[in-house]
Amino acid sequence: MNATNKIFDTPLYPYERSADQDAATPARHTAIVIGAGPVGLTTAIDLAHQGIETVLLDENDKVSFGSRAICFAKRPLEIFGRLGAEQALIDKGVEWDVGKIFFQDRDVYQFDLQPEQGHERPAFINLQQYYLEKFLVDRIREMQEAGAPLEIRGQNKVVSVSDRGDGVEVRVETPDGEYELHADWLIACDGACSPTRAMLGLEFEGRVFEDNFLIADVVMEADFPSERWFWFDPPFNRGQSALLHQQPDGVWRIDLQLGWDIDREAEKKPENVIPRLKAMLGEDVDFELEWVSIYTFKCRRMESFRHGRVLFAGDSAHEVSPFGARGANSGIQDADNLVWKLKLVIDGVAPENLIDSYDAERTRAADENILNSTRSTDFITPRSETSRTLRDAVLDLAEHYPFARPMVNSGRLSVPCTYDGSPLVSADALTGGPPRTRPGSPCPDVPLGEHDYLLRHLGDRFVLLTIDCEAPDEIEEEGVTVTRLALTTQDDRTGFLKERYLGEAPSAVYLIRPDQHVAARRIEYNETLMRTALRRTLGKEVAK
Amino acid sequence: MSELILTPNIDRGDDFYAALLKAHDGLNKADSDALNARLLLVLANHIGDGEVLAQAIEAAANAAPR
Ligand SMILES: Cc1cc2nc3c(=O)[nH]c(=O)nc-3n(C[C@H](O)[C@H](O)[C@H](O)COP(=O)(O)OP(=O)(O)OC[C@H]3O[C@@H](n4cnc5c(N)ncnc54)[C@H](O)[C@@H]3O)c2cc1C
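Sequence order for the protein chains is A and B.
Quick note: the first sequence uses UniProt numbering, first residue 1, plus one each step.
Quick note: the second sequence uses UniProt numbering, first residue 1, plus one each step.
One or more hints might be untrue.
What the hints assert, rightly or not - Beyond 12 Å from chain B on every Cβ pair, some chain A residues (computed):
{"hint": "1", "residue": "Phe65"}
{"hint": "2", "residue": "Asp223"}
{"hint": "3", "residue": "Leu281"}
{"hint": "4", "residue": "Glu352"}
{"hint": "5", "residue": "Thr386"}
{"hint": "6", "residue": "Thr389"}
{"hint": "7", "residue": "Val480"}
{"hint": "8", "residue": "Arg484"}
What the hints assert, rightly or not - Reference excerpt, derived from the structure (chain B facing chain A, CB under 10 Å, subset only):
{"hint": "9", "residue": "Ala30"}
{"hint": "10", "residue": "Asp33"}
{"hint": "11", "residue": "Ala34"}
{"hint": "12", "residue": "Asn36"}
{"hint": "13", "residue": "Ala37"}
{"hint": "14", "residue": "Arg38"}
{"hint": "15", "residue": "Leu39"}
{"hint": "16", "residue": "Leu40"}
{"hint": "17", "residue": "Leu41"}
{"hint": "18", "residue": "His46"}
Bear in mind the hints are in silico, worked out from the structure with no lab data behind them.
From the three backbone atoms N, C-alpha and C, an ideal C-beta is built for every residue, glycine too.
Based on the sequences and whatever the hints tell you, model everything.
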C-alpha cells in the first residue's frame, strides 16, 4: 500500500551477528521469547524487569504492518505503568468518551462512556499498534542502557522447537545461516499463525465467522470529532455495518463489513475502495489510504497454554474478532500473569506447578474474551433472518427507549478477568467487602493524595495492604517477603478507598500478588491464615 | 425463585388478543415480524427477571408441534 509513513520501513532492531552463532556448544538462556509483537515485547520487558536473563527473537526487524490494534484499555496501560513504558503511549494516544450509533439513515443514539473517576489512567486510548511496538522497543533500549539482561535479535526466525523436559532447544535461521539455542523456558508469542504451535503439533480450534471486513486506515484532514461512530445497515453499505474511529496523526480507522461471497482481490483495489469511502465520508473529503486489507475473523484458542517448558501467550494461544478490542489487550495481560510466576519458579521459591495456574487463569480469561467477541460479532453480523429481525428491533427500540440501548452490541470494551475459582486464590473472608475487589480481581486504582495513586505502590512483589488495621511491616514465608502498605480512611479524601476496598467492612487486609491481583482478603490480620493464603498463591497449598 | 405464570393471567384476554391482531393489520410479513420482535423485547424488559425469562423461552420452545 501507499505507506507514506516511514515507521513501516525503518528497521527497529536490525540483524546483528551474535556471539551465540559462533559458540562451540549451543548457548543456554534462562528465557527465550519468540515474536516481537505487542505480547512478546511486553513479556520480554517484564522478564528483564524481574531480572530474568532473556533473549527475544523475531523473524522480522520492523513494526508490524497493516491495520492492526488501535484501542488499548486501562488495564494494559496500568501494566505498562508497572513496566515504566506507559508515558509515551499516553502522550501519543487519543482519548475518547463519546460513541454514536447509526441505524440505516438515522442517528439512533449517542453515549458518553463517562469513565469512572479516581483512576490514574484513562479508560482507554486509541493508538496505532506500530506506535505501541516502537515505544516498547524504545523501552527495551532504555532498559539495556541501564544494564537489564535483555537482548532483541532481528531476522532471527525460529525454524524448530523441541521440548526436552527440563529445557527447550530451538533452531534459528538468520541471514548468516542457522544456529541452535537452548533455554530453560520458551515463551511463544509468535502470533495467530504460531509456527511454534504447528511445530509441536498442537491444535487451535474454534469458530470462523463467515464474513469479510475491509479494514482501511486513511489519513485525512476532516473535522470528525474524536468519537466512535458505528453504523448498522447504512445507506453507503446496505445490509452491512461500518465503523469510524480516530487514531493519532489524523489517521482514521474504517471497518466496512463486506459479506461472505466477495472477490477479495477486487475489493482491495483502490478503484473499488475509494468510491466506497467517499460514499461514507462525503464526496468532498480529501483522504489518502495508508493501508487497506481484508480480514475474516475467528474466535479460537489452544486447549492448554502450557506444554512443558513451552508457554503460549497472546494470539498464538487465543484469537478473537476485533470487536471489543480484546486481542492485544488480553495478550498483554497474559504476560502480566505469567512473568511473576516464572520468576518465583526460576528462583526456586515456588514449585514448577505454579506455572499451571497460568494456564488455569488465562484460559478462563480467553474464554471470557471469546464469549464477548462472539456475542458482538453475532449482533453485528446476524446469522439468520430471525437474528437480523431481532437485532433491528433492538436498534429501532434504542432510538426511542433507553432500555434497549444496553442491548446494542457493537463491541464490549475489554475489561480484565477476575480469576474466580483459581487454585491460587483464597475464599473471600471480608464480610461486606465490595465484590469488585474480591479475591482474584485486579486491584482498581485509588487516588492517594494530590498526585499519587495506589497502583504505583503495588506490583512486582507481594504487598499486604492494610486499611485501618494493624499488621507486621514485613512477613517472610518460604523465601518470599511480603511488604505492608498501611492506609487509613482518615486520608481518603475522595472516598474511593472506602468505596473500592472496604464497602461495609470497618477495616481490611489484602494480600496482593505481583500482578496487582488480589490473592486474599479479610477484616483483620491473622498470621496463620495469611501465611496459608500466601503459600496457596505460591502453588503450595490446595484451595479449599 | 420466581415462577413463570402458565395459567390464565391476562384480564380481558379477548381484548388483548384483538389489540394484538389490530396492531398487525395491514402490515406485510417483514413489518409484522419486526413488530413482534419489538413487542417481545418490550415485554421481556418489563419482566426483567432473568429466571422468568429463561423459563419463558423454554416454555415457548416446548410448545412447538411435534
Ligand atoms: C483489524 C484488526 C484490529 C484490531 N484491533 C485491536 C484493538 O483495537 N485492540 C486490541 O487489543 N487488539 C486488536 N487487534 C488484535 C491485535 O492486533 C493482536 O491481538 C496482536 O497483534 C497480538 O499480538 P501478538 O504479539 O500476540 O502477535 P503478533 O502481533 O502477531 O506478533 C507475532 C510476532 O511473531 C513473529 N514471528 C512469527 N513467527 C516467527 C518465527 N518463526 N520466528 C521468529 N518470530 C516469529 C512475527 O514476526 C511477529 O512480530 C486487532 C487485530 C486486527 C487484525
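Against the structure, the hints come out as follows:
Its beta-carbon lying about 43 Å from the closest one in chain B, Phe65(A) satisfies the requirement of being farther than 12 Å from that chain. The beta carbon of Asp223(A) is kept farther than 12 Å from every beta carbon of chain B, the shortest such distance being approximately 36 Å. The non-interface label for Leu281(A) is consistent with chain B: the shortest C-beta to C-beta separation is roughly 30 Å, beyond 12 Å. Glu352(A), annotated as away from the interface, keeps every beta carbon of chain B farther than 12 Å; the closest lies near 42 Å.
Listed as outside the interface, Thr386(A) is inconsistent with that label: its C-beta sits roughly 8 Å from the nearest C-beta of chain B, within the 12 Å cut-off. Not every Cβ of chain B is farther than 12 Å from the Cβ of Thr389(A); the closest lies at roughly 5 Å, contradicting the non-interface assignment. Interface exclusion of Val480(A) from chain B stands, the closest Cβ pair being 43 Å apart, more than 12 Å. At the 12 Å boundary, the C-beta of Arg484(A) stays outside the reach of chain B, the nearest C-beta of that chain being 42 Å off.
Because the smallest distance between the Cβ of Ala30(B) and any Cβ of chain A comes to about 8 Å, under 10 Å, the interface hint for this residue holds. A least Cβ separation of about 5 Å between Asp33(B) and chain A falls short of the 10 Å threshold, and the interface hint therefore holds. With a cut of 10 Å, the hint placing Ala34(B) at the interface with chain A holds, because the nearest CB-to-CB distance is about 6 Å. At its closest, the beta carbon of Asn36(B) sits 8 Å from a beta carbon of chain A; the interface hint therefore holds under the 10 Å criterion.
Annotation: interface hint on Ala37(B) holds; nearest CB of chain A at approximately 4 Å, less than 10 Å. Taking 10 Å as the C-beta contact cut-off toward chain A, the hint placing Arg38(B) at the interface holds, the least distance being around 5 Å. Residue-level restraint check for Leu39(B) holds (minimum Cβ-Cβ distance to chain A is 9 Å; threshold 10 Å). For Leu40(B), the interface hint holds, since its Cβ comes within 10 Å of a Cβ in chain A; the closest pair sits about 8 Å apart.
Of the supplied interface hints, the one on Leu41(B) holds, with its beta-carbon coming within about 6 Å of a beta-carbon of chain A, less than 10 Å. The closest approach between the C-beta of His46(B) and any C-beta of chain A is roughly 9 Å, which is under the 10 Å cut-off, so the hint is satisfied.
Violated hints for the displayed structure, listed by number in ascending order: 5 and 6.
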